Amino acid sequence: MQTHKAKRVAIIIEQVMQSRLTDAMERAGVTGWTVLPVLGGSGDSGTWSREGQVSRGTGMVQVLCVIKPERLDGLLDAAFAVVERHIGIVTVSDCEVLRAERF
Amino acid sequence: MDQILSLAATNLLSPIILSFALGVAASLARSDLNIPEAVAKGMSIYLLFAIGFKGGVSVADHGIDGTLAASLLAGIVLSAALPIVAFGLLQVMGNLSRLDAAAVAAHYGSISIVTFVAATSVLNSSGIASEGYMVAVAAAMEAPAILSALWLISRGGDSRRMDPELLREIMLNGSIVLLVGSFFIGWITGTEGLAKIEAFIVSPFQGVLCLFLLDMGLVAGRGLRGGSGVLKPGVLTFGVVMPLVGATFGCIAGLLLGVSTGGVALFMVLSASASYIAVPAAMRVALPEANPSIYLTLSLGVTFPFNLTLGIPIYIAVASALTGG
Numbered sequence: 000m001q002t003h004k005a006k007r008v009a010i011i012i013e014q015v016m017q018s019r020l021t022d023a024m025e026r027a028g029v030t031g032w033t034v035l036p037v038l039g040g041s042g043d044s045g046t047w048s049r050e051g052q053v054s055r056g057t058g059m060v061q062v063l064c065v066i067k068p069e070r071l072d073g074l075l076d077a078a079f080a081v082v083e084r085h086i087g088i089v090t091v092s093d094c095e096v097l098r099a100e101r102f
Numbered sequence: 000m001d002q003i004l005s006l007a008a009t010n011l012l013s014p015i016i017l018s019f020a021l022g023v024a025a026s027l028a029r030s031d032l033n034i035p036e037a038v039a040k041g042m043s044i045y046l047l048f049a050i051g052f053k054g055g056v057s058v059a060d061h062g063i064d065g066t067l068a069a070s071l072l073a074g075i076v077l078s079a080a081l082p083i084v085a086f087g088l089l090q091v092m093g094n095l096s097r098l099d100a101a102a103v104a105a106h107y108g109s110i111s112i113v114t115f116v117a118a119t120s121v122l123n124s125s126g127i128a129s130e131g132y133m134v135a136v137a138a139a140m141e142a143p144a145i146l147s148a149l150w151l152i153s154r155g156g157d158s159r160r161m162d163p164e165l166l167r168e169i170m171l172n173g174s175i176v177l178l179v180g181s182f183f184i185g186w187i188t189g190t191e192g193l194a195k196i197e198a199f200i201v202s203p204f205q206g207v208l209c210l211f212l213l214d215m216g217l218v219a220g221r222g223l224r225g226g227s228g229v230l231k232p233g234v235l236t237f238g239v240v241m242p243l244v245g246a247t248f249g250c251i252a253g254l255l256l257g258v259s260t261g262g263v264a265l266f267m268v269l270s271a272s273a274s275y276i277a278v279p280a281a282m283r284v285a286l287p288e289a290n291p292s293i294y295l296t297l298s299l300g301v302t303f304p305f306n307l308t309l310g311i312p313i314y315i316a317v318a319s320a321l322t323g324g
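Chain order of the listed sequences is A and G. For the first sequence, numbering that gives the first Met the number 0 gives the first residue as 0, with consecutive numbering after it. For the second sequence, numbering that gives the first Met the number 0 gives the first residue as 0, with consecutive numbering after it.
These are calculated hints, taken from the structure and not from any lab test. Only a predicted model underlies this, so the values are computations on that prediction, with no experimental measurement involved. Hints may contain errors.
As the list claims (entries may be wrong) - Now the in silico label distances, taken between C-beta atoms and shown as ranges:
no.	chain 1	residue 1	chain 2	residue 2	range
1	A	Thr30	G	Leu12	56 to 64 angstroms
2	G	Lys195	A	Ala80	45 to 53 angstroms
3	A	Ala80	G	Asn123	44 to 52 angstroms
4	G	Val201	A	Leu97	56 to 64 angstroms
5	A	His3	G	Gly155	51 to 59 angstroms
6	G	His61	A	Glu25	45 to 53 angstroms
7	A	Ala80	G	Trp150	22 to 30 angstroms
8	A	Ala9	G	Gly155	35 to 43 angstroms
9	A	Gly28	G	Gly155	37 to 45 angstroms
10	A	Asp76	G	Asp60	56 to 64 angstroms
11	G	Gly155	A	Glu25	32 to 40 angstroms
12	G	Ala37	A	Thr30	24 to 32 angstroms
13	G	Arg154	A	Ala99	53 to 61 angstroms
14	G	Gln205	A	Ala80	43 to 51 angstroms
Just so it is clear, CB atoms sit at the ideal spot from N, CA and C, and this is done for glycine as well.
Go ahead and model the full structure; you've got the sequences and the hints to work with.
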């Protein structure tokens, strides 16, 4: 089956920053993404778990999107402006998609 | 004095405070006891709606007296001023960075609505009346502290502006919308409205509050366990001293306003409590460099348990003694 090259961007960020990030992505012309809950983890800021959190300020989410390679720089510039000062991880990987017109 | 100690002991042995203590103990003992997230969320929605509604009904019953506006204003002033006091205390006691101190200070100007709900419940079961509009005072005290913290930071040459999106999120956070909204529903529908939903909103309240505080005890215990290594002795002491300082300011405000014994006690509770829902979220947006382990452990792991177990009985006893209630 014919596949097409694309970029998969995964951004793990604090829940409170989610709408700011997706707004910035929209302004950069990215209209498709998926938000996943993050159950817990460990990093520079220590170990944390979603279990028993009472504040919206302490949760994390992962925002995933798949885009055409030529749109990557615009997305990363927009995303980095939001996540720069915050806890989080931005990763970019190569992937292939079946329906290129959707990205 | 005997009467004050007796009242304090009675409050300390109430089911809600013992439920909270059970949660803390279970968590510290690493029990697998756990309240599902959705159940805890549902209980908090129920409690906020019930307390807001009953506050509104109380205002509808007794009418508004001249102290309502003054109480709201006092709440706003306290919320804005207490972070400055807390910041000053932290400079002396805490040895924290300016950012961390300002973030902690913001928590101590804002309020813990769960502490407020628990105190209201203890007052009701002790037969001590309070003004129904204290619910509105609680809502008014959520946000000004955040602005004060940002001002404290800007005085150090680090300009942080309150972005409009953050202000909207704070003013319209779910707890405030539910509390104020149900307050107005209660006010509009009055005793007649309460009669229609009484079986749901009055009788189960204490039981739900017990379960909710059991969960909060588990959360506080986890916070204590996880954050025990984060806090230095000075900061830890601040977590117990600041509520007493805040309560003193709240007590003076309540006495100056001439509110009831319960009103003075609630002013003390609101001024003594520290936020762990709205302010941590705001701090993550506005001051992401501040260490959340410090302010969350302090407000949720130290001040919240202190207020629930010892603070509320002390504040009620002091308010009773000073107002002769």
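Each hint, compared with the structure:
For A:Thr30 and G:Leu12, the Cβ-Cβ distance of about 58 angstroms falls inside the hinted range of 56 to 64 angstroms, so the restraint holds. One distance hint, 45 to 53 angstroms for the beta-carbon pair G:Lys195 and A:Ala80, holds here, with the actual separation near 52 angstroms. At roughly 50 angstroms, the beta carbons of A:Ala80 and G:Asn123 sit within the given window of 44 to 52 angstroms. Range check, G:Val201 to A:Leu97: Cβ separation about 58 angstroms, and the 56 to 64 angstroms hint holds.
Separation of A:His3 from G:Gly155 is about 52 angstroms and conforms to the stated range, judged on CB atoms against 51 to 59 angstroms. Taking the beta carbon of each, G:His61 and A:Glu25 are about 50 angstroms apart, inside 45 to 53 angstroms as hinted. Against the hinted window of 22 to 30 angstroms, the Cβ-Cβ separation of A:Ala80 and G:Trp150 comes to about 25 angstroms, which satisfies the hint. Separation of A:Ala9 from G:Gly155 is about 36 angstroms and conforms to the stated range, judged on CB atoms against 35 to 43 angstroms.
One distance hint, 37 to 45 angstroms for the beta-carbon pair A:Gly28 and G:Gly155, holds here, with the actual separation near 39 angstroms. For A:Asp76 paired with G:Asp60, a C-beta distance near 59 angstroms keeps the hint of 56 to 64 angstroms intact. Distance hint for G:Gly155 and A:Glu25: a CB-CB separation of about 35 angstroms, consistent with the stated range 32 to 40 angstroms. In this structure, G:Ala37 and A:Thr30 meet the distance hint of 24 to 32 angstroms, their C-beta atoms being roughly 31 angstroms apart.
Look at G:Arg154 against A:Ala99: about 54 angstroms separates their beta carbons, and that is inside 53 to 61 angstroms. Range check, G:Gln205 to A:Ala80: about 49 angstroms between beta-carbon atoms, so the 43 to 51 angstroms window is met.
Violated hints for the displayed structure: none, as all numbered hints are satisfied.
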